[in-house]
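Counting in my numbering, the sequence shown runs from 1 upward without gaps.
If you're looking for bench data, these hints aren't it; they were derived computationally from the structure.
Careful: at least some of the hints might be erroneous.
Stated by the list, open to error - Calculated lysine-lysine pairs in the DSSO-like style (CA-CA distance at most 27 Å, straight line):
no.	residue 1	residue 2
1	Lys132	Lys227
2	Lys132	Lys67
3	Lys374	Lys253
4	Lys227	Lys253
5	Lys187	Lys227
6	Lys227	Lys215
7	Lys187	Lys215
8	Lys253	Lys187
9	Lys215	Lys369
10	Lys67	Lys253
11	Lys215	Lys374
12	Lys215	Lys253
Claimed, not checked - Label pairs and their calculated CB-CB ranges:
no.	residue 1	residue 2	range
13	Ser345	Pro191	42 to 52 Å
14	Ser263	Gln335	18 to 28 Å
15	Ser345	Asn148	37 to 47 Å
16	Asp48	Ser345	19 to 29 Å
17	Asn291	Glu372	19 to 29 Å
Quantities reported herein were computed from a predicted structural model and do not represent experimental measurements.
Note that the Cβ used here is the ideal one computed from N, Cα and C, for glycine as well.
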Amino acid sequence: MMIQFVTFGMFIIDEFDFADEQGKPTGQTIGGGGTYATIGARIWLPPDTLGMIIDRGNDFPQEIEQKLLTYGPDVWHFRDHPDRCTTRSRNSYRGEYRGFEYITPRIRLTPHDLAGTRLSRPASVHFICSPKRALQILSEIQEIEGWNPTTIFEPIPVRAGFCLRAVHRILNVEQDRCVPEELPSLKEALPNITILSPNAEEALSLLSLPLIVTKPAVENAASEFIKMGVGEGGSVIIRSGALGAYIITSDRKGQWIDAFWSSENIDRVVDVTGAGNTFLGGLAAGLLLENGNVHKGLTVSYMIEAHKANTWVLNHSRVLATLYASVSASFTVEQLGLPHLTLNSGREEEWNYDSPRRRLEVLRQRHDKEIENKNH
Numbered sequence: 001m002m003i004q005f006v007t008f009g010m011f012i013i014d015e016f017d018f019a020d021e022q023g024k025p026t027g028q029t030i031g032g033g034g035t036y037a038t039i040g041a042r043i044w045l046p047p048d049t050l051g052m053i054i055d056r057g058n059d060f061p062q063e064i065e066q067k068l069l070t071y072g073p074d075v076w077h078f079r080d081h082p083d084r085c086t087t088r089s090r091n092s093y094r095g096e097y098r099g100f101e102y103i104t105p106r107i108r109l110t111p112h113d114l115a116g117t118r119l120s121r122p123a124s125v126h127f128i129c130s131p132k133r134a135l136q137i138l139s140e141i142q143e144i145e146g147w148n149p150t151t152i153f154e155p156i157p158v159r160a161g162f163c164l165r166a167v168h169r170i171l172n173v174e175q176d177r178c179v180p181e182e183l184p185s186l187k188e189a190l191p192n193i194t195i196l197s198p199n200a201e202e203a204l205s206l207l208s209l210p211l212i213v214t215k216p217a218v219e220n221a222a223s224e225f226i227k228m229g230v231g232e233g234g235s236v237i238i239r240s241g242a243l244g245a246y247i248i249t250s251d252r253k254g255q256w257i258d259a260f261w262s263s264e265n266i267d268r269v270v271d272v273t274g275a276g277n278t279f280l281g282g283l284a285a286g287l288l289l290e291n292g293n294v295h296k297g298l299t300v301s302y303m304i305e306a307h308k309a310n311t312w313v314l315n316h317s318r319v320l321a322t323l324y325a326s327v328s329a330s331f332t333v334e335q336l337g338l339p340h341l342t343l344n345s346g347r348e349e350e351w352n353y354d355s356p357r358r359r360l361e362v363l364r365q366r367h368d369k370e371i372e373n374k375n376h
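Please take these sequences and the hints and turn them into a complete structure.
Here it is, written out as structure tokens:
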């Protein structure tokens with residue numbers, strides 16, 4: 001069976017420091033953008049159709065491994081490192097300040113790491129990094145004859161509230177960030193990118209625009225990226241938190257997709273860590289499941305509106321996939337850490353004791369109603 005989705009994001013054990021009296025970490029949880037992206041896809045796809053490499057150090061906690069295995073042992077390709085620790089990070093919270101640092105060295109993943117594993121030559125790949133590093137990943141992909149995967153690029157974030165100078169000094173990531181200096185590298189990478197998906201702050205930062213997130217600002221940023229020349233048939237999707245996500249393709253009008261949890265359900269949002277990564281895993285799964293079928297699940301009013309907007313099949317499939325993405329993110333924000341997978345009495349998978357398909361239908365109906373209201 002062909003592997004449908006692989007991420008080049010890392011697995012990280014996140015430690016949290018909420019400034020207790022001793023100043024010690026108050027807990028640890030599974031982290032890493034790659035881990036969350038994988039779970040975002042896993043919500044929709046069987047475990048043997050996707051995967052991620054995990055570099056397992058000599059300190060790898062058994063309880064974390066057992067938690068990972070609940071999502072299906074086929075998902076994870078472990079590489080053991082008896083001579084080093086697992087990659088760890090520390091998240092520090094001091095009122096409005098949030099700090100981040102790696103406390104053990106990172107092991108970055110590239111397409112070459114997939115060679116000789118069951119994960120080689122997947123249909124779609126996700127990478128979260130700087131534009132400069134994205135160029136290196138794309139170069140490795142192009143070296144493999146006959147492999148032309150869907151590429152989903154998530155530019156590495158600059159987190160608001162961080163002490164960035166300290167973070168850059170600790171991590172040595174001057175070349176690994178979303179800043180205007182990275183824009184030339186992004187322009188060089190874009191022709192080989194299927195989907196570019198920064199979050200709103202990252203998008204505005206790259207374009208040297210004011211970091212005030214509004215729908216018009218996001219739409220303007222997306223248009224600027226499209227003008228730069230995203231890959232043939234490519235899309236820009238800017239993830240904008242509670243505002244939803246804005247999707248636009250190279251010669252088509254853009255549109256907004258709501259976040260699943262609205263202001264009426266704000267109590268369901270516990271922690272947004274990893275939501276953007278999970279969103280993109282869900283997006284990859286949605287693209288595969290919809291497979292470009294424009295009519296699947298669409299009402300007549302939706303198709304009429306789409307015709308009026310001069311949109312085409314690819315845009316519709318991307319819109320549908322973005323609904324999957326929003327649902328994946330909805331499960332991640334409900335708790336600190338990854339969502340829970342269980343089986344109901346009918347042996348069907350549920351996430352946080354709810355059905356992804358049920359949520360997808362709710363969001364699909366909401367989106368269709370908004371288009372109908374707009375049409376009238």
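Each hint tested on the structure:
| no. | hint | in the structure |
| --- | --- | --- |
| 1 | Lys132 <-> Lys227 | holds (20 Å) |
| 2 | Lys132 <-> Lys67 | violated (34 Å) |
| 3 | Lys374 <-> Lys253 | holds (15 Å) |
| 4 | Lys227 <-> Lys253 | holds (13 Å) |
| 5 | Lys187 <-> Lys227 | holds (10 Å) |
| 6 | Lys227 <-> Lys215 | holds (19 Å) |
| 7 | Lys187 <-> Lys215 | holds (24 Å) |
| 8 | Lys253 <-> Lys187 | holds (21 Å) |
| 9 | Lys215 <-> Lys369 | holds (20 Å) |
| 10 | Lys67 <-> Lys253 | violated (42 Å) |
| 11 | Lys215 <-> Lys374 | holds (17 Å) |
| 12 | Lys215 <-> Lys253 | holds (14 Å) |
| 13 | Ser345 <-> Pro191: 42 to 52 Å | holds (50 Å) |
| 14 | Ser263 <-> Gln335: 18 to 28 Å | holds (20 Å) |
| 15 | Ser345 <-> Asn148: 37 to 47 Å | holds (43 Å) |
| 16 | Asp48 <-> Ser345: 19 to 29 Å | holds (24 Å) |
| 17 | Asn291 <-> Glu372: 19 to 29 Å | holds (26 Å) |
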